[in-house]
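Number of protein chains: 4
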Amino acid sequence: MFPVTLYKKLKRGPQVILLKDASTISAYTGVAPGDRVLDAGAGSGFLTIYLASLVGKEGKVYAYDIREDFAELVRKNVEKAGFADRVELKVGDVFEKIEETELDLVNLDMACSEKALPNAFAALRAGGYCTGYHPNVEQVKTFVTVGLELGFDHIISLETIERELLVRPHGCRPATTGLTHTGYITILRKPKEAAKAEGKGQ
Amino acid sequence: MFPVTLYKKLKRGPQVILLKDASTISAYTGVAPGDRVLDAGAGSGFLTIYLASLVGKEGKVYAYDIREDFAELVRKNVEKAGFADRVELKVGDVFEKIEETELDLVNLDMACSEKALPNAFAALRAGGYCTGYHPNVEQVKTFVTVGLELGFDHIISLETIERELLVRPHGCRPATTGLTHTGYITILRKPKEAAKAEGKGQ
Amino acid sequence: MFPVTLYKKLKRGPQVILLKDASTISAYTGVAPGDRVLDAGAGSGFLTIYLASLVGKEGKVYAYDIREDFAELVRKNVEKAGFADRVELKVGDVFEKIEETELDLVNLDMACSEKALPNAFAALRAGGYCTGYHPNVEQVKTFVTVGLELGFDHIISLETIERELLVRPHGCRPATTGLTHTGYITILRKPKEAAKAEGKGQ
Amino acid sequence: MFPVTLYKKLKRGPQVILLKDASTISAYTGVAPGDRVLDAGAGSGFLTIYLASLVGKEGKVYAYDIREDFAELVRKNVEKAGFADRVELKVGDVFEKIEETELDLVNLDMACSEKALPNAFAALRAGGYCTGYHPNVEQVKTFVTVGLELGFDHIISLETIERELLVRPHGCRPATTGLTHTGYITILRKPKEAAKAEGKGQ
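Chains as they are written, first to last, in our numbering: chain D, 1 to 202; chain Z, 1001 to 1202; chain E, 2001 to 2202; chain F, 3001 to 3202.
Read the hints as simulated data drawn from the structure, not as lab findings.
Among the hints, a few may not be true.
[What the hints assert, rightly or not] Beta-carbon label-pair distances, calculated as ranges:
| # | chain 1 | residue 1 | chain 2 | residue 2 | range |
| --- | --- | --- | --- | --- | --- |
| 1 | F | Asp3093 | E | Arg2012 | 29 to 35 Å |
| 2 | Z | Glu1088 | D | Gln15 | 47 to 53 Å |
| 3 | E | Ala2175 | F | Glu3149 | 19 to 25 Å |
| 4 | D | Glu149 | Z | Gly1178 | 38 to 44 Å |
| 5 | E | Glu2149 | F | Glu3058 | 38 to 44 Å |
| 6 | E | Ala2175 | F | Gly3082 | 37 to 43 Å |
[As the list claims (entries may be wrong)] DSBU-like, lysine-lysine: derived pairs with alpha carbons at most 35 Å apart:
| # | chain 1 | residue 1 | chain 2 | residue 2 |
| --- | --- | --- | --- | --- |
| 7 | F | Lys3115 | E | Lys2011 |
| 8 | D | Lys90 | Z | Lys1057 |
| 9 | E | Lys2192 | F | Lys3076 |
| 10 | D | Lys115 | D | Lys57 |
| 11 | D | Lys57 | Z | Lys1009 |
| 12 | Z | Lys1115 | D | Lys8 |
| 13 | Z | Lys1008 | D | Lys57 |
| 14 | E | Lys2097 | F | Lys3057 |
| 15 | D | Lys9 | Z | Lys1076 |
| 16 | F | Lys3115 | F | Lys3011 |
| 17 | F | Lys3057 | E | Lys2076 |
| 18 | F | Lys3090 | F | Lys3011 |
| 19 | D | Lys192 | D | Lys90 |
| 20 | E | Lys2192 | F | Lys3009 |
| 21 | F | Lys3090 | F | Lys3080 |
| 22 | Z | Lys1080 | D | Lys192 |
| 23 | F | Lys3011 | E | Lys2192 |
| 24 | F | Lys3009 | E | Lys2008 |
| 25 | F | Lys3009 | E | Lys2090 |
| 26 | E | Lys2192 | F | Lys3008 |
| 27 | E | Lys2008 | F | Lys3057 |
| 28 | Z | Lys1057 | D | Lys76 |
| 29 | F | Lys3192 | E | Lys2009 |
| 30 | D | Lys8 | Z | Lys1080 |
| 31 | D | Lys192 | Z | Lys1008 |
| 32 | E | Lys2057 | F | Lys3080 |
| 33 | Z | Lys1115 | D | Lys76 |
The beta-carbon is built from N, C-alpha and C at its ideal position, and this holds for glycine as well.
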């Protein structure tokens, strides 16, 4: 069991992916023990750590960030979580290169992430997933459009909204203020058979 | 990686817990490989299978249902998912007895689930979680009230709303109809130190 | 056309009813020019002013508040809105007495507002509406239960959620933080035929 | 008081604007007795009738639809509502021409409604509002962009979500299925001073 209270003790640099979104990414793609996944635009490392907690000791998370200071932040947070062994940190640009192959999942969380889709497609195993996390609708559309051109299947784009229910002796009600939007999650899938991947449009 | 398309092929008897809710339960409690968890009111077995996909080969899911026909349905679905080894099925009433101890998580999904809280408390390890899934607000309130009396900490009660974003060349928009409520998820935690568990109210 | 920017210039004492909720109250009950409506628990007078803008010169809004300081605040705001002629202010307790009769609408916004339902029922014309505004679910339930016992029909209870869409050249998305709950609106109706009003339960 | 149950008895042709959206349009623009408003793309006439109920006998609603069959549908529904005197029906194309001037509000509900914005701007009084109703995000963006170029102020774009709360003796909860999206409402305003209207961008 991963000690979830640890998330609050981690250092935050760039915007983090919240549990509601991290868990949607993992649930819709079926992340399981032993998986090899890549988290690009790792930011503060929250999703990296969440994924590391799921893939277990036999799994691996490759965490890319283009900025050295962010990668250093991820490193510290990953160590605090006790996942140094199962997380491999890389300062690198996934638009240029993804070194891994036969991955189960590639998550892309950065501006213009559609530019990483060709490398993501090549790095995934057949049947593997590429997920995108985007605040704006236009980004989702571009991501899906480019993904379909490359041969990905578009499984779904969605947002998740969490509403806390305040439970008090004198009355129950939803919380009055809070987050009203974080980002859209898009789930693309590399077809199981390689043949499908060539020249497939929508 | 768990083949998520399998969920659509499973047989459905009683109401299933959707991925959006199953993933909230697991993410907020930190379910990880090797965990031993209990799913009471297993119904059609969707949450059982989801949890089984997360705890891995070294983990264990104990799935209770009071009705033999539902337990049989769970058994078939669990076999189809290939998790017969890591899921132990029990036809039994958790209001009466929970045989396991030192569990990481107990999920309760049945009418009057607060009646199972004493047994759940006893069956959990210190620091373990008990989650409740309830359609109605009154059920949440009773569950939280009884849980606090028993010494649980109330972490949060919440609902999750998923909004699909339709992405089409001619325009993007949220889907026009769909689910607007499933159930509230309540997260209770057994305190880490046994001392806290005695005589603790809100 | 009522100058809606004026709402921002009004003084705020107690919690105000926002336009999203005020407009739901008026739309579901059909408030129109010439109507005679009562706003009890007028608070800062926002709903009073909104209703005054709809009932026009021939209509009337009776604004009750039990606290003299709140009634004074309403008076100042109503004057600023230019509606002194069509709003009649009363420092009074609607649990004790409602002086008006044959009203089209009575809105109740106060703790234990179900206690005002008998007076509201008597004050309404046949076919008139009584609306309640409640933050907590339990309040809604009590209000509906008492209303049904008195012979009201329960039209609907609902909440309204407004999501701003940020429209920017670089991207569109929902606003990231904001209000996530204000209050539930319950619409009760006094039956058109007096006969129905006697001894009617759900 | 407008008999709101009448909406259910009206004939429906094209998609109607629901009360939740109609009331948002009127509340954010301050529609009041005596106003002169235009509803273009009147469709089945629901918004036309709603606006007619608000502007009263001294007000006027000009309802445009380009299709004769839709205009005929509006005519029948308007008659059923008893508003034949205050609604003027026109079969016409607002992209080509709007005959009225000094209007308080122009609502546009049709594909490519941005093409009607120049005529709407000319037809509005200073300080008047132009509202757009669009299912897709891209439409909102285009509408706002063109509106700003023409000299409109962009007040807000938003969507409204209504959640019914089911209130039953055995438990309260939100309804389980329903509408999850209708359309975005965009509120543009013609500046009060004519000077502002020339050559103003964002």
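Now the hints, each set against the structure:
no. : hint                              : in the structure
1   : F:Asp3093 x E:Arg2012: 29 to 35 Å : 46 Å, violated
2   : Z:Glu1088 x D:Gln15: 47 to 53 Å   : 42 Å, violated
3   : E:Ala2175 x F:Glu3149: 19 to 25 Å : 24 Å, holds
4   : D:Glu149 x Z:Gly1178: 38 to 44 Å  : 28 Å, violated
5   : E:Glu2149 x F:Glu3058: 38 to 44 Å : 42 Å, holds
6   : E:Ala2175 x F:Gly3082: 37 to 43 Å : 40 Å, holds
7   : F:Lys3115 x E:Lys2011             : 40 Å, violated
8   : D:Lys90 x Z:Lys1057               : 30 Å, holds
9   : E:Lys2192 x F:Lys3076             : 26 Å, holds
10  : D:Lys115 x D:Lys57                : 31 Å, holds
11  : D:Lys57 x Z:Lys1009               : 30 Å, holds
12  : Z:Lys1115 x D:Lys8                : 32 Å, holds
13  : Z:Lys1008 x D:Lys57               : 30 Å, holds
14  : E:Lys2097 x F:Lys3057             : 34 Å, holds
15  : D:Lys9 x Z:Lys1076                : 42 Å, violated
16  : F:Lys3115 x F:Lys3011             : 29 Å, holds
17  : F:Lys3057 x E:Lys2076             : 30 Å, holds
18  : F:Lys3090 x F:Lys3011             : 19 Å, holds
19  : D:Lys192 x D:Lys90                : 28 Å, holds
20  : E:Lys2192 x F:Lys3009             : 18 Å, holds
21  : F:Lys3090 x F:Lys3080             : 18 Å, holds
22  : Z:Lys1080 x D:Lys192              : 20 Å, holds
23  : F:Lys3011 x E:Lys2192             : 24 Å, holds
24  : F:Lys3009 x E:Lys2008             : 38 Å, violated
25  : F:Lys3009 x E:Lys2090             : 39 Å, violated
26  : E:Lys2192 x F:Lys3008             : 18 Å, holds
27  : E:Lys2008 x F:Lys3057             : 30 Å, holds
28  : Z:Lys1057 x D:Lys76               : 30 Å, holds
29  : F:Lys3192 x E:Lys2009             : 18 Å, holds
30  : D:Lys8 x Z:Lys1080                : 38 Å, violated
31  : D:Lys192 x Z:Lys1008              : 18 Å, holds
32  : E:Lys2057 x F:Lys3080             : 26 Å, holds
33  : Z:Lys1115 x D:Lys76               : 44 Å, violated
In terms of the numbered hints stated before, the structure departs from hints 1, 2, 4, 7, 15, 24, 25, 30 and 33, listed from lowest to highest.
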